[in-house]
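Chain A is already provided as a structure; the job is to place chains B, C and D on it using the hints.
Protein chains in written order, with this note's numbering: chain A, 0 to 535; chain B, 11 to 334; chain C, 455 to 786; chain D, 178 to 485.
The set of hints was computed from the structure by calculation and includes no laboratory data. Virtual Cβ for every residue (Gly too), placed ideally from N, Cα, C.
Quick list of simulated restraints, FRET-style, between CB atoms: (1) Gln241(D) / Ala229(B): 50 to 60 Å; (2) Asp600(C) / Lys184(D): 26 to 36 Å; (3) Phe18(B) / Lys780(C): 27 to 37 Å.
Chain D regions said to be covered by chain C (calculated; three or more residues, Cβ under 8 Å): (4) 387-393; (5) 397-410; (6) 466-479.
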Amino acid sequence: MKKVLAIALALAMIFSLAACGGGGSAKNEKKVINYANGSQPEVLDPISSNYAKTSIVMYNIFTGLTHINADGVAELAYADSYTVSDDGLVYTFHIREDAKWSDGSDLNAKDWENGFEFHMRPENAARSYDLKKYVKNAEAYYLGECTWEEVGFHATDDYTLEITLQDPCTYFLDLCCTYIPYKTEKMEGNPDWSKNPETYITNGPFRVTKIVDQQGFYTEKNPYYYNAENVKIDEVNFIWIDDEAVELASYKNGDINVSDNLSKEADETFKSTSEYHAAEKIGCGYLTCNTEHIEKEVRQAMAYALDRETLIDLLGLAYEPATGLVPFGIHWNGKQWRDVANEKDGGPLVTYDVEKAKQILADAGYPNGEGLPTYTYICKNTETAKAQAVQNMFAQVGIDIKIDTYESSVYWDVYDTEDWDIGDDGWTGDYDDPSTNLFLWEEYREVNADGTLKDARWANDIAKQYDALMKSTYPETDNEVRMETMREAEQLIISDMPVIPTFFYTDTFLVKPEITGVVKCYIGHVFFEYADIVQK
Amino acid sequence: MAKKTEMFPTVPEAMYTMESRDIPAELFEPLPEEEKFSEQINRPSVSYWQNAWMKLKKDKLAIIGVVFIILMTLLAIFGPIFSPYTYEQQDYDVVNQPPSAEHWFGTDQFGRDQFTRISYGARISLTIGIVAAIVNMIIGALYGGIAGYFGKKTDMIMMRIVDIFAAIPSLLYIILIMIFLGNNLKSILIAICLTYWFGTARQTRGQILSIKGQDFAMAAKVAGETDFQILLHHLIPNAIGPIIVTVTFLVPSAIFEEAFLSFIGIGISVPVASWGTLANDGMKVMGLYPYQMLFPAMAISLTMFALNFIGDGLRDALDSRLKK
Amino acid sequence: MGEHLLEVKNLRTNFKTSAGIVQAVRGIDLHVDAGEFMGIIGESGCGKSVSMMSIMRLLDDNAAVKAEKIEFDGKEMQELSRKEIRKILGNDIGMIFQDPMTSLNPLYTIGNQLMEPLMKHQNMSKARAKERAIEMLETVGINEPDKRLKQYPHELSGGMRQRVMIAVAMCCNPKLLIADEPTTALDVTIQAQIMELMAELKEKFDTATILITHDLGVIANSCTRVVVMYGGKIMEEASVEDLFYHPAHPYTEGLLRSVPGDGSGSKERLVPIPGTPPDLLDPPAGCPFAARCPKAMRICNQAPAQLTTVGADHRAACWLLHPQIKDMKGGE
Amino acid sequence: MSRYIVKRLVAAIISMFFLITITFFLMHAIPGGPFSAGERKDLNPEIIEAIRARYGLDQPVWKQYLNYMAKLLQGDMGVSYKKTNYTVNELIGLGFPISGEIGIIAIVIALVFGIPLGVVAALKRGSWADMASMIFATIGISIPTFVIAMLLMYEFCMKHSLLPTFGWGEIRHLILPVICMCLSPIANITRLCRSSMLEVSRQDYVRTARAKGVGEGSVIFKHMLRNAILPVVTYLGPLVAALMTGSFAIERLFMIPGMGRYFVNAVTDRDYTVIMGLTIFYGAFIMLCTLLVDIAYAFIDPRVRFED
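So that you can see chain A by itself, here it is in the shape it has in the complex:
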């Protein structure tokens, strides 16, 4: 009896195998994009999560006053026109009068104001508000220090939105991509709103149809989108795949058709094919030094000891070696900021030079690293390869490091303890301006929750000078002056080397040949609004 059952089961399995083999290639009339979006963020709404993974989903289901167009540049979206006051402080947007929510209800300027208020409301403890601080008193409101009336973000009528800034901002329209409306009547008093497609009302090219925890976030074309007639894709499914090797298998298998997290193997396999795409990203990787533990000369020696080209090769990445802290993709009068700065600086600020590293160490009284302690290097457990290569390169000049790895979610807690010497970090900016990278080392970032300065971070005299330089760029309206000041600030920070730049990020991704128009912008976000599937 048992044997019979066993045979029957085996047969059943074989049959189902065969059946699957037969129906492998889907001949859907629907145009479906299955996009692998890495590990699932804990929460998937624009307020509680500031992960890039979340933002990618949000940019496809929400559209702001402006949005990124097919060329990767911000242009007007739900605002069909705007005016700026002469002092550059007051922006008045006119909202499209035909604007609708994804459930078909009317969308007007008040929804923008409500959305902004909801986002900044202290008890909602939004994860990300850096880009909203540009609005006058927004931060004060977030911290509970003023009333909503004092905030510079108000709808003056159904179609007019008046935004007052704290300081003039040359790239404000870029930021307006992230100024999205919320359907607050579905959200007030309903903490579960983002679990349920019924209450997850959006205004972007796609709208939510199904949310399956740990599996995927499923969306379909939003018929009420203002530009719906130009959206070709019927469904976009954001699939959570934890493992890059699995993502590669899924891509090869056709289970996903856009792959954004490339393993080394994926990179090498597809590098020379047309499915492989690379996009500049305004991000920079760096190693943060605990300046209390590591002296300036040692930091400089470390910076010279890093063979960034080799590192990139070893890790199989498509990155560029970092020559400073402001990456490619940031522009200075239409030219790459980096190139302009390098030219003015008379060469890259950061280079690889083992001899120089050894020389600096010797001059500082540590010939071949003698007398130096073993430094503790912390990184996420996904970054161990890089850590080992760095360890080896530092060892070449006599600097020994010990690697401690942590799960990603614990890493930042450990990072915050400052109980380490070198920390692996990186940052991708949000808009096309060097301040999006350079603001990271301003003093206010180095403050503990109780208002005291973090003792271990960069807080010496040079740091104070840096802070002053950066602050002076805020009210500055002359772009050339701003850029020059920031170039000076970058030189200053590199001279003291509290952070050792490693790479300038490049995004690489795979797109099946039949899919066109997948846009990946300079902040690394993917847009499917302009995509199409052309079956050959």
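What follows is chains B, C and D alone, placed relative to chain A:
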């Protein structure tokens, strides 16, 4: 037919039978005492363990297993010493090399010699496997033995404690221990040692329960042996066969647990690598450099094979009931 | 021929072990007549159980059995298929084993195990088998049989279990009952009861019985004819009276001396036979008992003695019985 | 019988109480914590305090413990600290049916393959069938699950596109995970079954059965297998618990939204309420499985009485 003749060795025709009438008279002289036992090969009386060893020696698979584990142990001890490379030495001129005369198992993405890394990994994986198994066996057998032997309330309380601890997922201990002791061999070892003894304890208890009523235990009790003597000298040795089988399952379990920890990224710290870490790293480039996964995975699998053969052999050898 | 119920000629049984071939039974002849109560006696390991198991083909795969003849009830057993053998086992031949504690399957009720052969061999319905089972339990002296039927072996005492085993063996009215040390594992008082029961049942059903034992006392009380085995061979075969009063083989003499008196008050000292039984992995060429025999001669080490008739139904395998000895003795 | 079950349940509840208490304090022994100032450096300390107060984290540990126990008695295991819009109950409700489904299928397959393989191996000891099943069984426990999973995925998904790499809801999604999941149980059951069959085959009662002239099938299935299955039944308790609560490696590689992933992610994310909740669930489930196995065992083996 060949088997039959083998089963029945031909008895040489006797020189004389009862029908013979020509038997020399001297043959009817009494047999001198010294010749009486000459015919008889008095096999030395063998102890339980000697007997087991004799049987184990005859088990080819088990011997292959033992030889393999000895080789692996030697590799673990001497491989890293005699290798011209070290496990952490990077050489960017020879990254991702396939196996060759210089690098028997090829090199990894940093040009490190895979053979050296695997033999170094053997130290870690074998230590974890074997230490964990032994510690678990000792704790489990004693704990289960005590519970089973004393029975009643003692048993009930002890087994409930096992239930409670067994119900706490092992990952939880491991994480906790690692938080306090760091990502190193010691904490993994302690964590794994603490998590696997429940099974052995339960099993030993069952065994002891079933044999404690048997004559030899009673006899020992009558002979005035203390409870612990009875437990250690009579009951546990008699229950050891199945326990050893369980422990064979434990060695791989421990090595696997470590590999699993590597897989979820909380294994041993880089650049030190266990087989699990190596296999997991190799997995990421399986399509490009299959040997980077193949060799560590084979090291794990072959060791598991060997351990299982040894376990099977031991089980047969230690099973006193098979003696005939 | 049919004159014997069971007739065995030149039975040899060898085991393949890791150490080599063990020659457990080395060419024995046996016969049992209908209604006869025969005993086989010998030390443990002498091949007495193995020879019975060989006849019934109950040995493991590592055993090989060869005989000129194993005839039961007019059928040559060696020619029967396993299926045909199974029709005989439990039906025409019943068997009782040494250890009643382990001989019953712990997972099934007494009733289940007792009814199994009835339903299988006698094609009885469940109800009929149950009736018969109750009847059998009563016969073997178990009280409250209908209650016992529903009990499991572990709920019964050793003596009870052996009674159950006897009931199982006897339930199909077998022509032959083989009792392999049925009392060894039991208390002395229970031993007597069980032996009494067996004798009773033998009378009642007129079943031929082979009693295997190492206990001369048991033999003395029940058997008519006795076979003495040693080292895989038959040493002596005689009626109970002849064996006890005129033992022809030094081994039998030794056995008799090693037994305390039969309780009649004699204070004869117990004399164990010195030495150990031969190693059957490499059996001696001569008489297996030579090494321990106080009367051993040089010839005993050279060649085995064959069974020689000593008297009516009395045969022994000993060189002392060789005519040349008598001649020599006569000559002196 | 029912008295026995009640007794066992009471014992289980006491065990659970200790389990919960131990886990709770273990969790709180871990340095750092949810919504600590360090974690939300972007937030005003007052807001952090407000959030901590919302979750009751501002209270002393013993009070948090009492609160937790009080809520637990009402079946409420709290809100996930990381997936803040999910309750622990919801997460279990999402994950367990999925892991459970795979687990049950894997167990059934393991039994259906493992027991016959073990029986055949034992009955034909030393034959090629024995060799083959033992080699298969040894392979099954010799290769780490994640390696098997990866190899299968490589073969069936990457090279031949026969099966999907992820997804849930159709049979084809189940095939690879179930294969990976049941290999090691098959191997263990085969080995266990073989050795206990060998053990049983030497028992006197098997000889008795043969001496009764019982058919070979009946000897094997009635007299041997039922006895030989006992160790398998014992093994089944922890196995069922382990398989039905999900394997992290398999769930991660095949993207199955099951319990195993929730648990490991919660542990690595230090999501305390989820860890607590899942540990309690595991604990209760394991105890339930053990109880069920003990009851089943007692049904098979009359020697085991329902006593304390």
